[in-house]
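2 protein chains.
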Amino acid sequence: MMFAESRPGRLVRAPENFLDAEAIRAVQSGRRDFLRSALAGAAAVGAGTAGAQSADGEKVILEPQPHATSLGKPVAASPYGMPSKYESNLARRESPGLTRVSAASVSFSPLQGMFGIITASGLHFERHHQGFVEIDPAEHRLMVMGMVRAPKVYTMEALMRLPSVSRMHFIECGANTGMEWGNVAVPTVQYTHGMLSCSEFTGVRLKDVLAHCGADIRRGRFVLAEGGDGSGMTRTIPMELVESGEVMLAWGMNGEMLRPENGYPLRLVVPGVQGVSWVKWLRRIEVGDQPFGAKDEVLHYTDLMPDGTHRQYTSIQEAKSVITSPSGGQRLTATGYYTITGLAWSGRGKVARVDVSVDGGRNWKTATLQTPILSKCLTRFTLPWVWNGGEALLASRVTDSTGYVQPTMRQLRAVRGTRSIYHNNAIQNWQVAKSGEVSNVQL
Amino acid sequence: MMFAESRPGRLVRAPENFLDAEAIRAVQSGRRDFLRSALAGAAAVGAGTAGAQSADGEKVILEPQPHATSLGKPVAASPYGMPSKYESNLARRESPGLTRVSAASVSFSPLQGMFGIITASGLHFERHHQGFVEIDPAEHRLMVMGMVRAPKVYTMEALMRLPSVSRMHFIECGANTGMEWGNVAVPTVQYTHGMLSCSEFTGVRLKDVLAHCGADIRRGRFVLAEGGDGSGMTRTIPMELVESGEVMLAWGMNGEMLRPENGYPLRLVVPGVQGVSWVKWLRRIEVGDQPFGAKDEVLHYTDLMPDGTHRQYTSIQEAKSVITSPSGGQRLTATGYYTITGLAWSGRGKVARVDVSVDGGRNWKTATLQTPILSKCLTRFTLPWVWNGGEALLASRVTDSTGYVQPTMRQLRAVRGTRSIYHNNAIQNWQVAKSGEVSNVQL
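Line by line, the protein sequences are chains A and B. Residues 598 to 1040 in the working numbering are what the first sequence spells out, letter by letter. Residues 598 to 1040 in the working numbering are what the second sequence spells out, letter by letter.
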């Protein structure tokens, strides 16, 4: 199943002679221009490389496929399009038995088969505390109250009349990678890191709405956000974050309205902060002069430290990265060239650099970062690699724009112990066996 | 229907006293800090603004909605998520009667209801020449031949092993806005400009594949791309574009595999060039020393000039912009504050600036551009506006990073005449009547 979950095409037989000896040396010595020499070298090898098969060639030319000689499906066959039936295996999945009730559980994004930085909304991860609801936007209201001169109740129409902004940000559940604390090596990257997505969000800045209501931001240094679902989710947001202009009341995601499971018609967007604070089905904002001490910030989403105390209000997602391919559950079926690729992000700013190791952290090479590199947004990294058939230990390590370097699990446990659930941003190690099997290991 | 097509929430009654007189003067004089003063002013007005209704307030507080007191739907209720049932009206639509066969037609993206710059893949426009097909990626092959030292046939697996890049680009059909040439004022922005979408694409650079096959790029200055559908779509791509590194063989779109109607499993991505050259279901690349003179470049997608000659190989999409809201078919139901918003793009680089006029081009104000501003990608612009209830004529005008300024229809016709179908990048005018009805007019 794990094997089936991974994307076909990443796991096939390596084209013979794909790289010549010189190109391989170039890769291993990390030379920047390796690609040119690699391809030139491979090209020089001539026909028979890169899976070239004359039989297939004849098939293409002499035997036109049925779809090349027939009338296809009409436009708007689906007014709203869907992925190919051949991609049905790429889906978000619940981790069986993770919770007792599926309405209070998680479905994970299939990172192992995803590209770039944008998460297709159909694959966005889910974390519900009492299931998700479908609210009629015409009936939905947002109340703004507390330390404000003019409390208001907004219709969606009134909110959507306000000046809006669109920004790309990652959202990560504070419990993402939580199983790893206790030495439970979850098998695939979908289950280790799949409570992570990235979208373009559109909405109005909370700062502007609070100004509209005449909030007293001198004394009112905290904001409570309350959701409209059955869990009564409430979270405290520090006013500094609101004043930065980054916190949004969002209705748009990837060009269309939010999906019901992501908070339709209105959710809070708190860039860099754990997902639980991005309150869904948002119905109330209250301004106050102290943290509200809601159950989901004093009892849950806290960090149990080695001395038995609970660390509260630790909501910024520190810099983190993970290799998504090759990753646990995938299998390298031949030696030769692979692209090591993955995602990096930081709740404190931009990704400055990602280093990749294939020998368990003894040696590191700097990966290529895809652009654009945006603040509090996913960044895709890639590094060419030639697998020689031996054991390998793959890991990535991000450095963010503040200079913070992603810690090892050992470094993190030295401070945090092993009894936490939340806020694990440790380096993830994937072990490649001689058989080509990739598995999750902890060092 | 047009009214129904436009997004609810953009058309509601303006909140009374939303802006005070000073703020309105600020908007009209284009003052940059208008927003602060506007909101501060509005806030000072106190309760009763922005659609605040105490009845609604009580409803929120005293009468919890059923969804707030019940158990919702479980996670992964949809392994692949879909929009809310309340959004079913936001869909791509065929323009009835545009062509005789729906398999050789167009479905348009609903720009009037979209946010930001990313197009949700389910709403991506479609233009098929003989319908779309669903190809098994395991069966698909790409042949690279012609002036190359080592002709090859690639499996998808072999292609996806090559080094890949992810980039955000717009795609626009060369016939987008084509009806306007003949003074046919198509009613909504979905039908005037909806052959436009923007996605994050992932694939391998054609430049690298050609190097892999040892292409003779000194003599072979042209590339033929051939699609695998029944229309035998073939287009010539100049080698300069390939050498720039921008042309990709793409399999990924917005984080997942291409949709079948968008060329699954492989399409050409030619940033800045009209959509027809982004050959779908790509099965063959041929390198040659002259343009291939394919039917879809010498007979179709040519510009019939006033002197009766046909202009061929004009494939770069020049700078263009359009206001998506308020736009044709929408209705302003009250005076007061609106956000004028739209999209701008250029096939030659970045959007440098967008100016907006509310009086038919006599006066212009510079709009705010959302970031990131990327090359050959959509850019979202916004400008605050207070409608005073009189007639208004809304228009946007883009200037790109080469200094090129979007022309008026009159300027364009002076050069191109009125018998063209393709490559209309003229300024679009929307007329706001005293009734608030917005309609498409040509000046």
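Everything labelled a hint here was simulated from the structure, so no lab data went into it. Take these hints with a grain of salt, some might be off.
[Claimed, not checked] Calculated pairs, DSS-like style, for lysine-lysine (alpha carbon to alpha carbon, straight line, at most 25 Å):
1) K682(B) to K682(A)
2) K682(A) to K670(A)
3) K962(B) to K947(B)
4) K670(A) to K670(B)
5) K947(B) to K947(A)
6) K892(A) to K682(B)
7) K892(A) to K962(A)
[Stated by the list, open to error] Not the full set, but computed from the structure, chain A residues with beta-carbon under 10 Å of chain B:
8) S685
9) M765
10) W848
11) P862
12) P888
13) G890
14) E894
15) L896
16) H897
Note that beta-carbon positions come from the ideal geometry of N, C-alpha and C, so glycine has one too.
Q) Any of the earlier hints contradicted here, and which numbers? A) 4, 6, 7, 12, 13, 14, 15 and 16
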